[in-house]
Amino acid sequence: MPAKSFEQDFNKGLWTENPVSRQLLGMCSTLAITNAIMNGVAMGLAVSFVLVFSSLLISLLRKLIPNQVRIASYIVVIATFVTLADRFLAAYFPSMSKNLGPYVPLIVVNCIILGRAEAFASKNTVSTSVVDALGMSLGYILALLILSSIREILGSGTLLGYKVLGTWFEPWIIMILPPGAFIALGLLIAAANLIERKIKLGR
Amino acid sequence: MRLSSRMIIVLTSIGLISGGLLVSVNSLTKERIGLNKQLEIEEAITQVVPGTKTSQKLYEEKDFAIYAGKSDDGRSLGFAIQTAAGGFQDKIILLFGSNPSLTKINSLRILDQKETPGLGAKITNYDSFLKFWENKDCTGALRLHKPPLSSPDQLAPSEVNTITGATVSSEAVLNCVNSSLEKVRKLKSEGKFGFEEKNAR
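Each protein sequence line maps, in turn, to chains A and B.
Under this note's numbering, the residues of the first sequence are numbered 1 to 203, in order.
Under this note's numbering, the residues of the second sequence are numbered 1 to 201, in order.
In case anyone wonders, no lab produced these hints; they're calculated from the structure.
Heads up, a few of these hints could be off.
[As the list claims (entries may be wrong)] Partial chain A-side listing against chain B, Cβ under 7 angstroms, derived: (1) S149; (2) I174; (3) P179; (4) L201.
[Claimed, not checked] Calculated cross-link-like contacts (lysine to aspartate or glutamate; reagent style EDC-like; alpha-carbon spacing at most 16 angstroms): (5) A/K98 to B/E159; (6) B/K104 to B/E40; (7) A/K98 to B/E40; (8) A/K63 to A/E118; (9) A/K12 to B/E159.
Small disclaimer: the values here were computed from a predicted structure and weren't measured.
Heads up, the beta-carbon is just placed ideally off N, CA and C, and yes, glycines get one too.
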């Protein structure tokens, strides 16, 4: 496998096929938990863990699993890793587990993971699938990082829990509520589209 | 091999392996998760019943538990009552401490809530809500004071503050504390939990 292709498989998750800004997958968790940076990062890491390991396992088993039961098999594999992540968080990071609440178990139905399993890991070698999953994970974490930074600064006036805006700043409570999530996501996608158009015009 | 049997074998083995894995992970983490929850409750009990060194669960049912806070020498310092109020969006799990005769509320802590951030969620904030719940006379039912006052000293002994813009959340907590106190008194008079006997031993 040439190195060039590995690089392409990794990079497409960051920009051209970014799960949040381009594919619009996994919106439920993206909108719900990006009210603070720590929550966004923790969610990003949990999704990455599940995505990388389920991609690895599914591409490993791709020739064993009959076509007719593939979706059921993928869901069992994904649900197993999600439960592992959930128990681990509850045991070692109880406060984080409390903040993320039901959104950790809901990773099972996060379309990024099933999407990558069906569209990529089930058709490619183990190494390419892992590289693809790593790229997608990083793209997802970056998108959540941007969204949660915007929402935390405007909604609470803090960054990672530290006060960065002075007392003059009255927090825009709407930004940490659901409408703020839609506003911030809309702006993020608009910005991504704008940059994409600039790139195309430049060519 | 026939396709149907292959389908059954593959799916069954995936299910069995993942089931086995989950059982082992659960048994590895179960103890720690239980410990985390217990630590959280114990810490909250120490806060609502001052001077508590050890605590003991006296009574439990769904969304309701009574603990006794005890000093080093086993003397009972008061009750800590854990209960759930119907909040604006979801249950508000709270814990409040009283003296042994159930006539005074020491203080209140919110253990879990999903109220609106910036409004109802202020019930977790000490300066905007919790400090107005300290040392309240609860021989009768507690009342809500509207509009909110700025200092706890201005409130009558049986009054607590409202949060501006979050009357629903403040009222939910208040009604829940009042009804829980009634329930504890009733259970106590019926002898449903042994506080005095254990104390005497």
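Do the hints match the structure? See the list:
{"no.": "1", "hint": "S149", "in the structure": "17 angstroms, violated"}
{"no.": "2", "hint": "I174", "in the structure": "9 angstroms, violated"}
{"no.": "3", "hint": "P179", "in the structure": "12 angstroms, violated"}
{"no.": "4", "hint": "L201", "in the structure": "41 angstroms, violated"}
{"no.": "5", "hint": "A/K98 to B/E159", "in the structure": "32 angstroms, violated"}
{"no.": "6", "hint": "B/K104 to B/E40", "in the structure": "24 angstroms, violated"}
{"no.": "7", "hint": "A/K98 to B/E40", "in the structure": "12 angstroms, holds"}
{"no.": "8", "hint": "A/K63 to A/E118", "in the structure": "13 angstroms, holds"}
{"no.": "9", "hint": "A/K12 to B/E159", "in the structure": "61 angstroms, violated"}
Of the numbered hints given earlier, the model fails hints 1, 2, 3, 4, 5, 6, 9; all others are met.
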